[in-house]
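Novice: In order, the protein sequences belong to chains A and B.
Each residue of the first sequence is one higher than the last, beginning at 4 in this note's numbering.
Each residue of the second sequence is one higher than the last, beginning at 4 in this note's numbering.
You may find that some hints are simply not true.
What the hints assert, rightly or not - Straight-line alpha carbon distances no greater than 30 Å define the calculated DSBU-like cross-link-like pairs of lysine-lysine that follow:
(1) A/Lys422 / A/Lys378
(2) B/Lys145 / A/Lys305
(3) B/Lys5 / B/Lys342
(4) A/Lys59 / B/Lys145
(5) A/Lys5 / B/Lys145
(6) A/Lys124 / B/Lys30
(7) B/Lys342 / B/Lys124
(8) B/Lys351 / A/Lys145
(9) A/Lys64 / A/Lys89
(10) B/Lys234 / B/Lys186
(11) A/Lys145 / B/Lys30
(12) A/Lys124 / A/Lys61
(13) A/Lys74 / A/Lys5
(14) A/Lys5 / B/Lys305
(15) A/Lys74 / B/Lys389
(16) A/Lys242 / B/Lys242
(17) A/Lys30 / B/Lys188
(18) A/Lys74 / A/Lys234
(19) B/Lys427 / B/Lys351
(20) A/Lys145 / B/Lys5
(21) A/Lys30 / B/Lys342
(22) B/Lys186 / A/Lys115
I should point out that these hints are in silico values taken from the structure, not numbers from a laboratory.
Number of protein chains: 2
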Amino acid sequence: MKTINVGILGFGTVGSGTAEVLQQHAKTVLQKTDLAICIKTIADIQIDQLPEMFSKTKLTKHVDDIFDDPKIDIVVELIGGLEPAKTFILKAIEAGKHVVTANKALLSIHGKEIFEAAAQKGVEVGFEASVGGGIPVIKSLKEGLVANRINSIMGIMNGTANYILSQMTDFGLPFDDVLEDAKQKGYAEADPTYDVEGIDTAHKLVILMIMAYGINIQLDDVSTEGISQIKPIDIDFAKQFGCRIKLLAIAQNNGDHFEARVHPTMVPDDHLLASVNGSYNAIQFNGDMVGNVLLYGKGAGKLPTGSAVAADVVDIARNIAFECVNRVPSLSYLPQYIKDCQITPMDKICCPYYFRITAMDEPGVLAQIAGILGKNNISIESVIQKKRHDSESVPIVILTHRAMENDVEVALGEIDGLKICTGKTVKIRILE
Amino acid sequence: MKTINVGILGFGTVGSGTAEVLQQHAKTVLQKTDLAICIKTIADIQIDQLPEMFSKTKLTKHVDDIFDDPKIDIVVELIGGLEPAKTFILKAIEAGKHVVTANKALLSIHGKEIFEAAAQKGVEVGFEASVGGGIPVIKSLKEGLVANRINSIMGIMNGTANYILSQMTDFGLPFDDVLEDAKQKGYAEADPTYDVEGIDTAHKLVILMIMAYGINIQLDDVSTEGISQIKPIDIDFAKQFGCRIKLLAIAQNNGDHFEARVHPTMVPDDHLLASVNGSYNAIQFNGDMVGNVLLYGKGAGKLPTGSAVAADVVDIARNIAFECVNRVPSLSYLPQYIKDCQITPMDKICCPYYFRITAMDEPGVLAQIAGILGKNNISIESVIQKKRHDSESVPIVILTHRAMENDVEVALGEIDGLKICTGKTVKIRILE
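Chain A with its partners taken away, still in its complex shape:
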């Protein structure tokens, strides 16, 4: 039996969850690996005492106690955010430690620097917990689907946004009310921008795309649109068309160029992603050999995320014990094969669309709108024109066949310029 010593940076939600998972299942892990995983030191400037179950673990406020300890093999960074997390990770690598992190923001922005430093030092960087919380999505992609060309990635990767959309759908409530409620219940952070505006989802998509396609891709390459503009009326119309609105991350491998986008999407009820509710996440890969594979589970939370971090720790511990570090390259492809790529501009993507046009309830309105759409190569699949009740404006809802985003933008510009149109048209992309 060999002992592998772990140092944990940050004893917040995920940090304490990880420690709990490793501690509670030390025996399980031992029976599977013949390794004793020992949490030797935890660094956190905000706490003065560890829970009793960690009586053998040293608590420190000085991260150097971890970096300078030659007995520590693996450093687990669970502080989150860009700094000081980045500096700490680079210090750990410099000290020859393997690193495990759940920090998607950091990896999607400074990943290149971190992975290069790790490669130079011959240490590993594990980041299973950075996408999909407890779901073994990264291991499945890197190893389970190793002999596939990944055609597409599609997923619900942010629990907060999915919780809000689920509540809006189930109870017909407006976004602001649900968000407020989610904040009070601890499901949304005080500043929920990253979650509701799709930025967190974009971070995760970047990480998956690098591994799925072996490409250099930056956060800026991902076209990102959040859910704060989604209205209950659009959720209602979606239902009438047999769909649910979900915040999806979508990547598409078009051979010489790649689509990378995050936006609210109408998902048909019979698609499994439509049934992913509340704070759950699900990620679907389409591989040329395996077809569709979907992985579902808790995308966040203390213990689920801790479970994924612990899996990385065990993985690296096995590699240390068997002297096979970097047996699987961190980013799936070996660094020399990761290539630059072309991103499909957003105005070139094609999909069916939902439009909610706000217009005066006058004869001939639909004819004018249909004319503009037709002129711009957009063909209509179905229309719902609501009767006037108390206002003079009515919603005209149109589902289109597959159209190009550029044509849509031009057409909606013209439509919104019509005198009879009294509000900005709402556009939601539909999953094919």
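Since the structure of chain A is already known, use the hints to place chain B on it.
Specialist: Chain B alone, transformed into the frame defined by chain A:
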């Protein structure tokens, strides 16, 4: 770059699929592993020529050409069935080859012997493709959920049975008609017994339970009931109660004993498993740390299964290259920690039930039935009593709260013995 040589036994559906996956994605795999996976020899007594893409591969009718070739590192067994597959696998192990197989029947019956032989020779046995086709379910369980106590396993693990139930549900057709159609379309085998009677599903559950719980469990320990007795009328009633009937494998970790069963189950519509249709499979693990994780994908088929076999080949190839064979124990737990276990007898399991009782349409019938149920500790959740049309017998459908199987058996014995009952009561367990 190191070359790893593979020999394949059997060039049927999965054998040719595996060869195709490995051949087509040789470059992808090389870019991820720096390894050249070479299909050196294929043994099949039924074919005389390989497709052109395998021009560098030797075809033989003599398996010993593979076992005796010192250059072959990994033997892939895709013949299926118990013999000669078992003999061949043991020969390959004896010759010091690593083995990859998709043979769930063999592993669930003779696994102990095979894994012991492999341990003695220090070679690996990979079997990702034996459960869930292309879905990386075994890797996820063994590695992704390594630091969890698995509370339960629940899944749709047979595509043929699921296809038949889906067709019966969608088109209201009887079992026999759908089966006949499935045979003609190649979705069901000439002898579909293993698939429709739950035996294939039981094979897979045995494999998962060994790894999830570290227990010795035999095929006989699994209580197995198939779908051939399911009638369209039961599927219809299930719909009325907001459920779908699925053939589920269920394992439950009750601490000192384990439930292991395969049977048709009424699954509530809002459960993800209810949305798994056609030939797809899905497996859900509940881990004490991670919560529910569900994995979904194609449970069979040439290329999806080939994708899983190829993943095992690559996994073992990496271990050969890094000299870390058996880095992850074949059965998840190290052999010395795999223990005997107690299986919960079927009459001790508890769940809600659906009963379809066939009785004369006379006053007081329900009172008699309700009396018997009450006396046997079975409480009723809801009742549908159909009006008489042309026959004198009517179906009385009852959903119960949680009851014990033993009480149910006693009660149904009494009910079926009533003079007013004119047919055997149908009983279907309901997913909680």
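Novice: Give a verdict on every hint.
Specialist: Now for the hints, and whether the structure bears them out:
Taken as a hint, the A/Lys422 and A/Lys378 pair is honoured in the structure, with Cα atoms around 19 Å apart against an allowance of 30 Å. For the given pair, B/Lys145 sits about 21 Å from A/Lys305 by alpha-carbon distance, which is consistent with the 30 Å threshold. Straight-line distance between C-alpha atoms of B/Lys5 and B/Lys342 comes to about 39 Å, which puts the hinted pair past the 30 Å bound. For the given pair, A/Lys59 sits about 28 Å from B/Lys145 by alpha-carbon distance, which is consistent with the 30 Å threshold.
At most 30 Å may separate the alpha-carbon atoms for a hinted pair to count; A/Lys5 and B/Lys145 meet this at roughly 20 Å. Under the criterion of a C-alpha separation no larger than 30 Å, the hint pairing A/Lys124 with B/Lys30 is consistent with the structure, at around 27 Å. With a CA separation close to 22 Å, the supplied pair B/Lys342 and B/Lys124 stays within the 30 Å bound. Taken as a hint, the B/Lys351 and A/Lys145 pair is broken in the structure, with Cα atoms around 42 Å apart against an allowance of 30 Å.
Under the criterion of a C-alpha separation no larger than 30 Å, the hint pairing A/Lys64 with A/Lys89 is consistent with the structure, at around 17 Å. Proposed proximity of B/Lys234 and B/Lys186 is supported: the alpha carbons are some 19 Å apart, at most 30 Å. For the proposed pair A/Lys145 and B/Lys30, the alpha carbon gap of about 15 Å is at most 30 Å, so the pair holds. A distance of roughly 27 Å separates the Cα atoms of A/Lys124 and A/Lys61; the hinted pair therefore holds under the 30 Å criterion.
For the given pair, A/Lys74 sits about 12 Å from A/Lys5 by alpha-carbon distance, which is consistent with the 30 Å threshold. Between A/Lys5 and B/Lys305, the direct Cα distance comes to roughly 42 Å. Violation of the 30 Å bound is thereby established for this hinted pair. Of the pairs offered as hints, the one joining A/Lys74 and B/Lys389 is violated, with about 73 Å between alpha carbons and a cut-off of 30 Å exceeded. At most 30 Å may separate the alpha-carbon atoms for a hinted pair to count; A/Lys242 and B/Lys242 meet this at roughly 20 Å.
Between A/Lys30 and B/Lys188 the alpha-carbon distance is near 50 Å, which puts this suggested pair outside the 30 Å criterion. A C-alpha spacing of about 55 Å is found between A/Lys74 and A/Lys234, which places the hinted pair above 30 Å, so the restraint is violated. For a cut-off of 30 Å, the pair hint linking B/Lys427 to B/Lys351 stands: about 22 Å separates their Cα positions. Simply put, A/Lys145 and B/Lys5 have alpha-carbon atoms about 20 Å apart, close enough for the 30 Å limit, and the pair holds.
A distance of roughly 15 Å separates the Cα atoms of A/Lys30 and B/Lys342; the hinted pair therefore holds under the 30 Å criterion. In summary, the hint linking B/Lys186 to A/Lys115 is not supported, as the alpha carbons are separated by about 53 Å, beyond the 30 Å threshold.
In summary, the structure is inconsistent with hints 3, 8, 14, 15, 17, 18, 22 from the numbered list given earlier, while agreeing with the others.
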